[in-house]
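S.K.: Chain by chain, the residues run as shown.
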Amino acid sequence: MTVGLPGATKQLEVAVADADPDPWGAQQTLSVVGTRQPRIDARPKVTGAAKYTADISLSGMLHGRILRCPHPAAKIVKVDASKVRAHPAVRAVLTFEGAIARYQGEEVAALAATTPEAADEALALFAVTYQPRPFVTDLEKARAPEAPPVYDDAKKPSPNVRQGNVRSRGDALKAFAGAELQAEGTFRTQVQTHCCLEPHGVVVQWEGEDLTIWASTQGTFAVRDGMAEGLEIPKSRVRVITDYMGGGFGSKYSAGPFALIAARLAKQAKAPVKMMLTRKDEHLVTGNRPDAVMSLKVGATRAGSLEAVALTSYGTPGVGSGAGVSGPMRATYRVRHLRTEESDILTNTGPAAPFRAPGHPQGSFAFEQAIDMIAEQAGSDPIAYRKLIDIHPIRLAQYDVGAKEIGWSRRAAMKAANAKGSIKRGLGMASALWYNSGGPGATVHVRVSKDGAVEVMNGAQDIGTGTRTAIGMVAAEELGLPLDQVTVRLGRTDWPEGPGSGGSTTVPTLMPAVRAAAFDARTKLAAIAAKVFGVEGSKISVKPPGLFYVTSDPSRTLTFKQVAARIPGELLTAQGSRAADYEGFDDRIAGVQFAEVTVDTGTGKIKVEKVVAVHDCGRVINPLTAESQIGGGVVQGLSYALFEDRLLDPVTGRMLNANLEQYKIAGPLDIPEIVAIAFSVPVGFNSIGALGLGEPPVIPTAAAIANAVHHATGVRMLQLPMTPSRVLAALRSGHA
Amino acid sequence: MREFEYQVPTSLESATMLLKKYGERAVLKAGGIDLVDLMKEGIAAPGYVIDLLALDGLDAITDDPNEGLTIGPLATLAAIAGSAKVLRRYPLLAAVAGEAATPQLRNVATLGGNLCQRPRCWYFRSADFACAKKGGDTCFAVAGDNRYHAIFGDGPCHIVSPSSTGLVLVALAGGIETASAEGGRVLAADQFFTLPETNVQRENALQPGEIISRVRVLPPAAGSCFGYVKIREKESFDWPIAEAAVALVKGPSGTVTAARIVLGAAAPVPWRAREAEAALIGKPLSERSIEAAARAAVHGATPMSGNAYKVELTREVVKRALLGAQPLRP
Numbered sequence: 001m002t003v004g005l006p007g008a009t010k011q012l013e014v015a016v017a018d019a020d021p022d023p024w025g026a027q028q029t030l031s032v033v034g035t036r037q038p039r040i041d042a043r044p045k046v047t048g049a050a051k052y053t054a055d056i057s058l059s060g061m062l063h064g065r066i067l068r069c070p071h072p073a074a075k076i077v078k079v080d081a082s083k084v085r086a087h088p089a090v091r092a093v094l095t096f097e098g099a100i101a102r103y104q105g106e107e108v109a110a111l112a113a114t115t116p117e118a119a120d121e122a123l124a125l126f127a128v129t130y131q132p133r134p135f136v137t138d139l140e141k142a143r144a145p146e147a148p149p150v151y152d153d154a155k156k157p158s159p160n161v162r163q164g165n166v167r168s169r170g171d172a173l174k175a176f177a178g179a180e181l182q183a184e185g186t187f188r189t190q191v192q193t194h195c196c197l198e199p200h201g202v203v204v205q206w207e208g209e210d211l212t213i214w215a216s217t218q219g220t221f222a223v224r225d226g227m228a229e230g231l232e233i234p235k236s237r238v239r240v241i242t243d244y245m246g247g248g249f250g251s252k253y254s255a256g257p258f259a260l261i262a263a264r265l266a267k268q269a270k271a272p273v274k275m276m277l278t279r280k281d282e283h284l285v286t287g288n289r290p291d292a293v294m295s296l297k298v299g300a301t302r303a304g305s306l307e308a309v310a311l312t313s314y315g316t317p318g319v320g321s322g323a324g325v326s327g328p329m330r331a332t333y334r335v336r337h338l339r340t341e342e343s344d345i346l347t348n349t350g351p352a353a354p355f356r357a358p359g360h361p362q363g364s365f366a367f368e369q370a371i372d373m374i375a376e377q378a379g380s381d382p383i384a385y386r387k388l389i390d391i392h393p394i395r396l397a398q399y400d401v402g403a404k405e406i407g408w409s410r411r412a413a414m415k416a417a418n419a420k421g422s423i424k425r426g427l428g429m430a431s432a433l434w435y436n437s438g439g440p441g442a443t444v445h446v447r448v449s450k451d452g453a454v455e456v457m458n459g460a461q462d463i464g465t466g467t468r469t470a471i472g473m474v475a476a477e478e479l480g481l482p483l484d485q486v487t488v489r490l491g492r493t494d495w496p497e498g499p500g501s502g503g504s505t506t507v508p509t510l511m512p513a514v515r516a517a518a519f520d521a522r523t524k525l526a527a528i529a530a531k532v533f534g535v536e537g538s539k540i541s542v543k544p545p546g547l548f549y550v551t552s553d554p555s556r557t558l559t560f561k562q563v564a565a566r567i568p569g570e571l572l573t574a575q576g577s578r579a580a581d582y583e584g585f586d587d588r589i590a591g592v593q594f595a596e597v598t599v600d601t602g603t604g605k606i607k608v609e610k611v612v613a614v615h616d617c618g619r620v621i622n623p624l625t626a627e628s629q630i631g632g633g634v635v636q637g638l639s640y641a642l643f644e645d646r647l648l649d650p651v652t653g654r655m656l657n658a659n660l661e662q663y664k665i666a667g668p669l670d671i672p673e674i675v676a677i678a679f680s681v682p683v684g685f686n687s688i689g690a691l692g693l694g695e696p697p698v699i700p701t702a703a704a705i706a707n708a709v710h711h712a713t714g715v716r717m718l719q720l721p722m723t724p725s726r727v728l729a730a731l732r733s734g735h736a
Numbered sequence: 001m002r003e004f005e006y007q008v009p010t011s012l013e014s015a016t017m018l019l020k021k022y023g024e025r026a027v028l029k030a031g032g033i034d035l036v037d038l039m040k041e042g043i044a045a046p047g048y049v050i051d052l053l054a055l056d057g058l059d060a061i062t063d064d065p066n067e068g069l070t071i072g073p074l075a076t077l078a079a080i081a082g083s084a085k086v087l088r089r090y091p092l093l094a095a096v097a098g099e100a101a102t103p104q105l106r107n108v109a110t111l112g113g114n115l116c117q118r119p120r121c122w123y124f125r126s127a128d129f130a131c132a133k134k135g136g137d138t139c140f141a142v143a144g145d146n147r148y149h150a151i152f153g154d155g156p157c158h159i160v161s162p163s164s165t166g167l168v169l170v171a172l173a174g175g176i177e178t179a180s181a182e183g184g185r186v187l188a189a190d191q192f193f194t195l196p197e198t199n200v201q202r203e204n205a206l207q208p209g210e211i212i213s214r215v216r217v218l219p220p221a222a223g224s225c226f227g228y229v230k231i232r233e234k235e236s237f238d239w240p241i242a243e244a245a246v247a248l249v250k251g252p253s254g255t256v257t258a259a260r261i262v263l264g265a266a267a268p269v270p271w272r273a274r275e276a277e278a279a280l281i282g283k284p285l286s287e288r289s290i291e292a293a294a295r296a297a298v299h300g301a302t303p304m305s306g307n308a309y310k311v312e313l314t315r316e317v318v319k320r321a322l323l324g325a326q327p328l329r330p
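Note that the protein sequences, when read in sequence, are chains A and B.
Going by the working numbering, the first sequence opens with residue 1, and the numbers climb by one from there.
Going by the working numbering, the second sequence opens with residue 1, and the numbers climb by one from there.
Worth flagging that the hints you see were computed from the coordinates, not collected in a lab.
Backbone N, C-alpha and C define an ideal beta-carbon position, used for all residues, glycine too.
Possibly wrong hints are sitting among the right ones.
Among chain B residues calculated to face chain A with C-beta under 7 Å, some are [stated by the list, open to error]:
1) G47
2) Y48
3) V49
4) D128
5) A143
6) D145
7) E233
8) S236
9) F237
10) E287
11) R288
12) Y309
13) E316
The whole structure should be built from the sequences, with the hints applied where relevant.
M.R.: Below, the structure is given as structure tokens:
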């Protein structure tokens, strides 16, 4: 098989499993995969016909509400629910008396009532006695030895410091000290909340011992497993349905406490319960991207070698874990000596959750600015210097594609044009790194009816990325059919197991299984055709539009319908599973983004004028949805760079902006022209040659903007978000 | 949200009667943009909601050559922004109406509602904080996060006035007419807005039972120039962090004979920068006089722990509003 990009191909010999089709190599001609296809579910989505979890309404359904702790730390001493139980509309009540709440928003009590209004009204009737406990919500204060411990198993010497995940290769500090060029800085990033457009939520219905859950989730099977475990019932008793999903960035992998509460309320009330979280809950309890304080040292040579990278970082995952940021430092470029030490600092705030490329936007903000600092010291252009330290053949090609699109050649002349006036223009760029994270863990069924109808079934969900359409495209490709002749059924655990949508795994895990199942169907249909032609099945080929023909005599054809009509019995069933990865081109996913900004030095306001985002994801299945994915990542990255910030009251520890007005997210007027380039490179690894794209596009945007701001103004932005006040401060002091 | 009784009067008289009848337990609703948010958070919990949208003629916009502009309180921000009458002689008002919030909100939000909206302070807006404005005894902004709070005013509450239309009405020396069961009155726009020291729980001079019935602006004097600049962190759906509206009259020789310079996002009310106004009177508009006026505009500012940057930004918007001040298009 040939993989790679023109001028940098690799010949691979791979062993293909028996049930797996031969891989699509770089020379493969495809007629559906790789074409621009509007989403097959676009119409129901824009007309409102698509039913999301919040749209589900069942006969006799109750509305669940959760009372949440207003304190960042408190013992829930007593919950008097007598008035709640006496409310005529209330059908079920749960209390969590005696528990310790360790962050604002932890569950205190719950109820289900006949209407949403009655549920809200009854929620105010709980009389709770809290015993507030000492708390700490500030990152720096939480590090101190005298800080109130978040957990009772306080560590020494500082109760909330979960000390250092250390990785080391060579002697980075010594290499830094001796390096010809040295860049050094302390970079700070903020807590970002997921802000899924559709809140977390479920509708649960018991029928005897069987539980059905409509869930807004990134993992139908994870919800099934979590509910089965939490309720101590067999998985076979739990069905999860996610027909349509309104966005998830890592916080919707599991059932969540609210789903278990809903199931318990439903059981108690003997009625279905809808439990959708509020926007405030979304900010407080469902997860976030931890903040980070990153002290970074990069030592390098003028000739273009990264001699040393040394990182010490800490951040707060609240009461959870996972504030690491070193990913970009460890594998984007060739680094001779590396040392990273990352600590989690516990605080009385909601737990972190995986968030689109965990750790990477933070690490990239620090590292890609440090690389620019080195390039500047070397007297080198940022791209030219990166080309010396980069070893990824795909990114090396992407630099030129992106530079041309953004007009990088204008960069040198900008300084002179910036001499006058308060508006300064700049160009910046930054690289991104992600990983091939696909693998076994998906099975797909294909059903062909005698009328020629094709259904492709897998229980995984489409979280809005276009999975449904991609499944249809891959199956249609394999069967030689147009896309509209394939019906895709997904989002229900009734169907075979599929992956959770996280880690950019959905495409590389699921699509090879789709292809294997369609291949199985095609092989079985070919055998039917072969009988008609009086040849062996292996002598039959398929070409669009669904024509089965004798390979040696293409004039002898049968249409798809003619073959299907000869299916013995009622229908043909086929199955395929994801085989293990074989070799591929490069298992690191490359990307690079370019930003053009203007900075108003009188007001500190940054305006992003244009972003060019070039991202690799192996073979692109649908350029249209791939570009959408990239655009979405850039918007989220820009919003992180300039606006978003979870703000806590320094006195009470309560969140101040737990809404979408004061928690600022980029709106239409803040979003620049975005040129999304889905850089299609058949890379092997699986029968499709595709990798994931969900996470990479959010990674380098903030760093690219910061580098552009530096180019425009000469100041380094060391802290996110880059608000007017911070930009003004940086301009006044020469740095942020 | 609690249960409430919903009343839809069809005349201003019946609206004032209802307001008198229900007293403090009633609230007025126009577009409902602000009110519904307040009710959802439990900050407003009225027993009676009097919906004004069925009142006839209260959304009219007229401009008389001598009497000037009259706008009904139910005119939407979108209608004001798109009105040729407003655009022609009162361009600042059209500009702020057209830049507030989002297109969707501007189609529903009314002038009366915009003038009477409650502040955006996050301590006030959250039921989690029993702040002074809600009847508590603390302004949480003092020891808390006050990055968006006032740089003028002495408390006891440090909100900033959220109404950009109010800011412009003060700059244009507009008037606000009211109706009530007892009869009506006329308030100058800068008397309409009141400081927390007057009543910490209110932001304007409306008395119980009083409804805004008309907003008036006199025709611009000959030689008038207008300027408006705001800075917000986001361009979509955000509140200004600094804002200035200026209305100047220049004499035949080019010297400034009258000036109103009003600051937004700076104080609990649209804040007249009187020192800046005085600094310009009798002087020609030049870079030097403008710089001096901009400095004077923030003279005496009392920033809090986290909002000193707003002083610099406010000086900048005043400077830019003055530099960009334009006469009416012929």
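S.K.: All hints, please: hold or fail.
M.R.: Structure-based check of all given hints:
no. : hint : result
1   : G47  : violated, 15 Å
2   : Y48  : violated, 17 Å
3   : V49  : violated, 15 Å
4   : D128 : holds, 5 Å
5   : A143 : holds, 5 Å
6   : D145 : holds, 6 Å
7   : E233 : holds, 6 Å
8   : S236 : holds, 2 Å
9   : F237 : holds, 5 Å
10  : E287 : violated, 14 Å
11  : R288 : violated, 17 Å
12  : Y309 : holds, 4 Å
13  : E316 : holds, 5 Å
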